[in-house]
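Line by line, the protein sequences are chains A and B.
If you use the working numbering, the first sequence corresponds to residues 3 to 234, in order.
If you use the working numbering, the second sequence corresponds to residues 11 to 192, in order.
Each hint should be verified, as a subset may be incorrect.
[As the list claims (entries may be wrong)] Pairs of lysine-lysine residues, derived as PhoX-like cross-links and limited to a Cα-Cα distance of at most 25 angstroms, are as follows:
| # | chain 1 | residue 1 | chain 2 | residue 2 |
| --- | --- | --- | --- | --- |
| 1 | A | K209 | A | K45 |
| 2 | A | K208 | A | K234 |
| 3 | A | K8 | A | K234 |
| 4 | A | K29 | A | K133 |
| 5 | B | K145 | A | K176 |
| 6 | B | K60 | B | K88 |
| 7 | B | K85 | B | K154 |
| 8 | B | K183 | A | K224 |
| 9 | B | K154 | A | K221 |
| 10 | B | K145 | A | K133 |
| 11 | B | K60 | B | K13 |
| 12 | A | K224 | A | K87 |
| 13 | B | K81 | B | K183 |
| 14 | A | K87 | B | K154 |
| 15 | B | K145 | B | K183 |
| 16 | A | K234 | A | K29 |
| 17 | A | K140 | A | K87 |
| 18 | A | K87 | B | K183 |
[Claimed, not checked] Among chain B residues calculated to face chain A with C-beta under 8 angstroms, some are:
| # | residue |
| --- | --- |
| 19 | P51 |
| 20 | K183 |
| 21 | Y186 |
These are computed hints drawn from the structure, not numbers from a lab.
Cβ atoms here follow ideal geometry from the backbone N, Cα and C, with glycine treated the same way.
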Amino acid sequence: MNDKIKVTIDGIECWTEEGKYIIDVAKENGIYIPSLCHMEGIKPAGSCRICNVQINGRNMTACSTPAADGMNIESNIPELEEMRKAIVEVMFVAGNHFCPACEKSGNCELQALGYRYQMMVPRFPYEFPEKGVNADSKYIYHDRNRCIICKRCVRSIMKDGKHVFALNGRGGEKLHVEIDTDLASQLTEAEAQEAMDICPVGAILKKERGYYSPIGERKFDKAPIGSEIENK
Amino acid sequence: MSKPVVATTSLAGCFGCHMSLLDIDERILELIELVEFNKSPIDDIKTFTKQCDIGLIEGGCCNSENVHVLKDFRKNCKILVSVGECAIMGGLPALRNGIPIEECIREAYLDGPTVSLNEEQILPNDDELPMLLDKVYPCHEIVKIDYYLPGCPPRADLIWNALIALVTGDEMKLPYEVVKFD
């Protein structure tokens, strides 16, 4: 048992191995910590900040903080839940999220968090920023209006050892994800589908697919995001 | 005690939210026992004839007439409810928000691929026509809105639950399936 460590998440004792990220430890123990940028097995980015938890009283991101022996972690507390809701609301006003006109609607993780937190209206004014759409590659659209800059695609979508997506315009409001259209055009249909599935929102969409599942049969139509972890 | 009075309107909307209200099906008989309708496209009363308790607003504000009607509702209703995505965030009409208004009008009346009969190149200019706003505004950016019912359209059960809660004063039921943004 020497290599096992113990952390406490919301009062539940969890045994795990050293070095595992808190968000994954929580998942193994049936505790859902919401996140939009985390992907198991991929280097964390800590970019969405929704997974913030309190560790021994300090706010840390659960996706990028490895569990250490004796940690006392609080996640499901009103202060953090309220902050998470506020971050979701910021994302809705900072982009152009027209849910009724989005092919990802019903399968979108941002929208699902809006449902989980019962966001009836964002508390912040809508920005309606000018973004752009790049539809130059063969199988995918890239719609920056919906991008939340979680960097999942930047970190994971590769072709021949090269990144298909990259951050551009760092250092202010112009920050955005850029697609390498030449490289993206070499993606197979299956790889394009994978890129779409990795995107938590509807920023990466596969062409010629459209609305796929009827309303009522989509991923988050009947049960909230995270319930698959909580009800395991 | 007299029945609570409800008024409804559709601003820059598609009447889908009103259709969803009618989707409460036979409960509409229960509703007319509970409330009285005043200004609304449902009963075709064109102007307020008394102070109302609840105003249901469908659609955002895309022109001066929408703003006028919305302010009139605020004046005449104790409680205003934004019903649907358009009232809450502008909805599909707000897709034009990133495009200059002149470009929108040119596309609609002069340059669009389906424009062929406007040989005299006339743009709408009658004084009777409401002026388009620079962009489409959510209702709560124009007047104070008290409650919000998201959805495109909001599910009939959401509208029903909200009306019942407002009329009875009980806490509103919000099952997961009824709060949707599409």
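*Let me know if the C-beta of B/P51 comes in closer than 8 angstroms to any C-beta of chain A, holds or violated.*
violated (21 angstroms)
*Given the proposed pairing of B/K81 with B/K183, does the C-alpha separation stay at or below 25 angstroms?*
violated (29 angstroms)
*25 angstroms limit on alpha-carbon distance, applied to hinted pair B/K60 and B/K88*: This hinted pair holds, its Cα atoms lying about 12 angstroms apart.
*Using 8 angstroms as the Cβ threshold, decide whether B/K183 counts as touching chain A.*
B/K183 check fails; min Cβ-Cβ to chain A is 12 angstroms, beyond 8 angstroms.
*Taken at face value, is the distance from the CA of A/K234 to the CA of A/K208 at most 25 angstroms?*
violated (31 angstroms)
*With a cut-off of 25 angstroms on the C-alpha distance, tell me whether A/K29 and A/K133 pass.*
Roughly 35 angstroms between the alpha carbons, so the hint for A/K29 and A/K133 is violated.
*Holds or violated: B/K154 with A/K221, Cα cutoff 25 angstroms?*
violated (35 angstroms)
*asked:* For A/K87 and B/K183, compute the direct alpha-carbon distance and say whether it is at most 25 angstroms.
replied: Distance ~20 angstroms between A/K87 and B/K183 Cα, so the pair holds.
*Mind checking the alpha carbons of B/K145 and A/K133 for me, to see if they're no more than 25 angstroms apart?*
The given pair, whose Cα atoms are some 16 angstroms apart, holds under the 25 angstroms limit.
*Is A/K234 within 25 angstroms of A/K29, Cα to Cα?*
holds (10 angstroms)
*asked:* Run the distance test for B/K145 versus A/K176: straight-line Cα separation, threshold 25 angstroms.
replied: holds (22 angstroms)
_Given pair status - B/K13, B/K60, alpha carbons within 25 angstroms_ = holds (13 angstroms)
When the structure is compared with the earlier hints, violations turn up for hints 1, 2, 4, 9, 13, 15, 17, 19, 20 and for no others.
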